[in-house]
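Generate the whole structure from the sequences, applying the supplied hints.
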Amino acid sequence: MTEGQSPAGPDDTTADPDYSSHGGFPDFAVVDPSRGFARFVTTMRRLQDLAVSTDPDDATWEDAADRVEALVDLLEKFPAPQAVAPAGRAPSLPGMGSLLLPPWRVTRFEPDGVSMTGSFSRFHVGGNFAVHGGVLPLLFDWMFGMVVHAANRPISRTAFLHVDYRKVTPIDTPLLAHARIERAEGRKAFIGAELTDTDGTVLAEAQGLMVRLLPGQP
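So the sequence shown is numbered by the UniProt record's numbering: it starts at 1 and just counts up by one.
One should not assume that every hint holds.
Label-pair ranges, simulated between beta-carbon atoms [what the hints assert, rightly or not]:
(1) Gly186 with Thr60: 53 to 61 Å
(2) Val72 with Lys167: 21 to 29 Å
(3) Gly134 with Thr54: 18 to 26 Å
(4) Arg187 with Leu71: 37 to 45 Å
(5) Asp57 with Gly200: 43 to 51 Å
Treat the hints as calculated values from the structure; they're not laboratory data.
Virtual Cβ for every residue (Gly too), placed ideally from N, Cα, C.
Spelled out as structure tokens, the structure:
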């Protein structure tokens, strides 16, 4: 991911005089989501859980599909560019209002590190009620982008992300995540992070490399 989605406000373009030439990234301004959008995202997250955890008869599936198709017909009339749609720009909502991201919240956003709290649900299960191993890199990658932005470094992309799985990550359990820049070398920012339970037991650790884009790089 890039570091464009921040809970702290618009990107500080003064820190990077070539900001506008880094692939033409838009300025992701924070939005105060409407009540309707907040309800929509909450309901969609519940629908995601139900889509992978229910087994009604075929008539019910057909009814559900009809309703979802009606919803698609309703919403596709209102396309919006990336930096205009509220999804991913609403830090007051879990996952910043993006259904791609886990429903976590940023609790600390400082130059020396970022912290998040949240939990995973049935939608994130890989097997035997454990969180799918592919979900954790998504969480860490999101955090790495936040860390880069909190440190006021220019637009960067993930060059490397390694995850060590220490214990099975449960669903429906409050969890914590912390990340920080461990060292910086020119365009490179080396980031470390860990996912823990509320007792401090480490469930997973991650190491990553974020590289600042050169002018013209997308």
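To see whether the hints hold, each was checked on the structure:
{"no.": "1", "hint": "Gly186 with Thr60: 53 to 61 Å", "result": "holds (58 Å)"}
{"no.": "2", "hint": "Val72 with Lys167: 21 to 29 Å", "result": "violated (39 Å)"}
{"no.": "3", "hint": "Gly134 with Thr54: 18 to 26 Å", "result": "holds (23 Å)"}
{"no.": "4", "hint": "Arg187 with Leu71: 37 to 45 Å", "result": "holds (43 Å)"}
{"no.": "5", "hint": "Asp57 with Gly200: 43 to 51 Å", "result": "holds (46 Å)"}
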